[in-house]
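Chemist: Read top to bottom, the protein sequences are chains E and G. For the first sequence, the residue numbers in my numbering are 47 to 529. For the second sequence, the residue numbers in my numbering are 47 to 529.
No wet-lab data here; the hints were simulated from the structure. Please note: incorrect hints may appear among the correct ones.
Listed next, the in silico SDA-like pairs over lysine to any residue satisfying Cα-Cα at most 20 Å (straight line) [claimed, not checked]: (1) E:K162 to G:L446; (2) G:K227 to E:G223; (3) G:K227 to E:L492; (4) E:K166 to G:T395; (5) E:K104 to G:V445; (6) E:K258 to E:R500; (7) G:K423 to G:L446; (8) G:K162 to E:N136; (9) E:K107 to G:L446; (10) G:K104 to E:L492; (11) E:K162 to G:K423.
Which stretches of chain G does chain E cover? Using the computed rule of at least three CB atoms under 8 Å from a CB of chain E, they are [claimed, not checked]: (12) 191-200; (13) 251-262; (14) 267-279; (15) 349-363.
Facing chain E, from chain G, some residues (calculated, C-beta under 8 Å) [as the list claims (entries may be wrong)]: (16) M76; (17) E90; (18) G91; (19) G152; (20) F217; (21) R440; (22) G447; (23) E453; (24) L492; (25) G501.
These figures come from a predicted structure and were not determined experimentally. Note that the Cβ used here is the ideal one computed from N, Cα and C, for glycine as well.
Protein chains: 2
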Amino acid sequence: MNDFKNNPLYKIMHPKNIAFWGASSNSMSMGSIQLASLLMLGFEGNVYPIHPRDKEIKGLKAYSRISDVPEKVDLAILVIPTAIVAQVLNDCGEAGVKRAIVVSAGFSEKEGKEGKELQKRIVEIADSYGIKFLGPNCIGVVNSYLKLNTTFNPYDAAPGFIGMASQSGSFITQMFGHLSKFGLGFSQALSLGNEAMIDLSDCLEYLAQCPKTKVIALYIEGIRRGRHFVEIAKKVSKIKPIVSYYIGGSEAGRRAGQSHTGAMAGPDRLYDGVFRQCGIIRAHSIEELFDFCYVLGTQPLPQGNRLAILTHSGGPGAAAADSAERAGLELAELSPATLQALAPLLPYTASVKNPVDLTFAKNLNDYMATLPRILLKDQQIDSLFLYCLMPQQRVMLGVLGTGQGLEQAQQIVSEYVKGQSAIAANLSLESGKPAVGGTFGDRSELFVRELQDRGMTVLPSPERGVAGLGALYRYSKWRKTFS
Amino acid sequence: MNDFKNNPLYKIMHPKNIAFWGASSNSMSMGSIQLASLLMLGFEGNVYPIHPRDKEIKGLKAYSRISDVPEKVDLAILVIPTAIVAQVLNDCGEAGVKRAIVVSAGFSEKEGKEGKELQKRIVEIADSYGIKFLGPNCIGVVNSYLKLNTTFNPYDAAPGFIGMASQSGSFITQMFGHLSKFGLGFSQALSLGNEAMIDLSDCLEYLAQCPKTKVIALYIEGIRRGRHFVEIAKKVSKIKPIVSYYIGGSEAGRRAGQSHTGAMAGPDRLYDGVFRQCGIIRAHSIEELFDFCYVLGTQPLPQGNRLAILTHSGGPGAAAADSAERAGLELAELSPATLQALAPLLPYTASVKNPVDLTFAKNLNDYMATLPRILLKDQQIDSLFLYCLMPQQRVMLGVLGTGQGLEQAQQIVSEYVKGQSAIAANLSLESGKPAVGGTFGDRSELFVRELQDRGMTVLPSPERGVAGLGALYRYSKWRKTFS
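In isolation and in its complexed conformation, chain E is listed as follows:
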């Protein structure tokens, strides 16, 4: 814990107060919007806008110079023209500010010498005052637990367990909504920009120490200190899973990345090798990055790769089975005891193989409760995929047909859904084995909301659920080599 508080990033992510450059009476400027977003989330420390002329900005007293601010400042945020960044860093140094986020762009990511020289100069200034800054050309950070969001988009997700470091800045802000789709959120998120002083390896080290972070997500366009990164990542992945999305592997992705933050990318296969030797789980799309984080951050590690699939719709069950192979999992052979326990619970139309396809339930409570528990007890099963279709509408039609009024029927169905969700959400905790759900529904449905909020990991399709379990298995193999 002491390591954590002594980490150079700690004060950037946990400032007691902030001096903010670039907000003004022009409320549509990027700086004004970033300040508005910071205030909106409810950051509780003092915020000091610095502006040469304006006396009040967003209801806060503004100061013309950092030296006028009445207390020692923890963090400086700079959203100002490239040309004056050096001067402001100088002022910060004189005022004893030790941490900064430089949002301003126009440095080493630009073609030509000028930007690179400018970047070198601001690093020299920072060094001379003992300042550590994030950026330049980054969008800032989120510490959801501290209500700190320095990016330009309001943070509307919950405080969560995913710690992210990203070489694309605005990318982080767009994931706020994406994570909300699962009821998830960031614990901490850092946009790296040009990594002039703080790079991916530093963030990895920091997120490993962060107690709120259960899984680390990396968005990588190119790694700067390769050997150092490998060394750090190897250590971190022994205690926390790391999931990486690398886009520099294709020629096209590489070119896009270069013009973006100026990082050097290498061939895809090289990165594949690097990730493998570090125990980093690789994702191949943005969706996969967070799907994997969701599973790796919530599920216990499996003992092996034998998967059971439970469904009451043939298609999604077959799709899950089909994707198991691609995910590196094999379909478990059900033990005789399991077959015997299942038999009386299944209708004659059901398939008592793996996938177990219920077709329809003889007893509505079996599907989310009795059946998965039987499967998870089987010694020949290491993990479970559960297709989560709540026949809610069907049950509703049935209940309405008994002559219940609409309101009463809704009440009955809602109680039923909540009860079923509560049981299903405990499956992995009870069994110590991973149990992941997949659905084509979303959080507009009570069932999905209830399951996710009660702690069940539910992904938006059978294939994505199974792929997540595959990633979990790969990580379990890595961990086993050290246990």
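Could you slot chain G onto chain E? The hints should help.
Modeler: For chain G alone, kept in the frame of chain E given last:
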């Protein structure tokens, strides 16, 4: 059109009236729920429940025999125990009913001889009366334009342009909600079950003739009449795109499929070859199946594979670029005229390469209007991917900052979003080139709803948008060989 009306499936999909077996006073039985669902969507023809004892079911007069029904019946739907299916089909034949849907299971999909013999017998009975039936072991059909839904789940999507034939039954019903996520819907959907009399090739022929169907989705576990299927598919794909998801390729998927409908599956590579020689676009997941249908059913065919990417966030732009290669597309080289036209519109932080990364807009209207139009005019560009992040929240923060009240600010932002969406939705119509959007938002956002409802194809991530454009390009190559 005459072909369409003469197709044996026409009357199954367009019945004037329906006789329904299996609904009863037990409102939780599958038959009762299917009847409730049929009535709920508002099917306008007469519906005659047939039941040995009950006199009224769901507010409809029930008949004890089909021979008592006062008019000639177009379609019989059977949700009854396996053992009495033969007798009821016999009764139907006597009463002059020529079309049926047999939902009942327990036929050739079961292990052992008995089910197979039973299935043979009901086919013989049907043949002797000139009856054509869908199933057995299927869940029925949807004709959204006729408000016909014989499945057990309420149809809550819009009438749409995707025609589907599926070897998994309940699968169709679960896609209702999935399609709603994009504002899409089925034109017609058929669940095939054991295909005793009507198989995949028959449905393909029917959907090719259906004027409401712009693209055909197939969910395949195994093809029965291989040569016939190839012949039909080759013809159909010259006039309408076919997208197929085949799950029998892996050992696990094959086993799952076999126990499900008893279809024979073949090795993955074999099916790959079959699809290729028929011009069928293959999808590798359920999500991809409908992503591809969405793009192929809405977008004009591209002249080549040169893709332009427009983004204002580096990460999603790079992800799109990275996935282009995998989708068989190459990044277009922007022409000098385009570069010249773009230059004054981009801020100094922007990247004027492909992907065009705006970083931020000098003029808020440029991103969805001026910039994509410039790119689509370029002769070196065949298709456009547009990352659709509406900086709605950011604009909102800005507008609020000007001192507007919340309601007024919401009004301003909403007008702005609508205006931008209207322009962007016309891009492919104006240019004759495909323009597909990708976003991490969903229809809970006004921007996404407006874009999709006005006709822009917007998928839930950059990678999925680009993959859709890749599928469109593959289909365009197939079509070119015949033009």
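Chemist: Verify this for me: three or more residues of the stretch 251-262 of chain G with a beta carbon less than 8 Å from a beta carbon of chain E.
Modeler: This one is violated; 0 residues, fewer than the three required, reach chain E with a Cβ under 8 Å.
Chemist: Checking hints one by one. Is L492 (chain G) an interface residue toward chain E, by the C-beta closer than 8 Å rule?
Modeler: violated (13 Å)
Chemist: Below or equal to 20 Å on CA atoms is what counts here, so check K227 (chain G) against G223 (chain E).
Modeler: Satisfied, since the Cα-Cα distance of roughly 15 Å is no more than 20 Å.
Chemist: Next pair to validate is K104 (chain E) with V445 (chain G); report whether the Cα-Cα distance is within 20 Å.
Modeler: holds (13 Å)
Chemist: Answer holds if the nearest beta-carbon of chain E is closer than 8 Å to that of G447 (chain G); otherwise answer violated.
Modeler: holds (3 Å)
Chemist: Less than 8 Å between beta-carbons is the criterion; does M76 (chain G) satisfy it with respect to chain E?
Modeler: holds (7 Å)
Chemist: Against chain E, is E453 (chain G) within 8 Å by beta-carbon distance?
Modeler: violated (18 Å)
Chemist: Under the criterion that the straight-line Cα-Cα distance not exceed 20 Å, is the pair K104 (chain G), L492 (chain E) satisfied?
Modeler: violated (27 Å)
Chemist: Is the Cα-Cα distance between K162 (chain E) and L446 (chain G) 20 Å or less?
Modeler: violated (37 Å)
Chemist: Compare the distance between the alpha carbons of K162 (chain G) and N136 (chain E) with 20 Å, and conclude whether the hinted pair is satisfied.
Modeler: The hint is violated at about 85 Å.
Chemist: Sort out whether L492 (chain E) lies within 20 Å of K227 (chain G), counting only the CA atoms.
Modeler: holds (16 Å)
Chemist: Take the shortest C-beta to C-beta distance between R440 (chain G) and chain E; is it under 8 Å?
Modeler: Cβ of R440 (chain G) sits 5 Å from chain E, so the hint holds.
Checked against the numbered hints given earlier, this structure breaks hints 1, 7, 8, 10, 11, 13, 14, 17, 18, 23, 24, 25; the rest are met.
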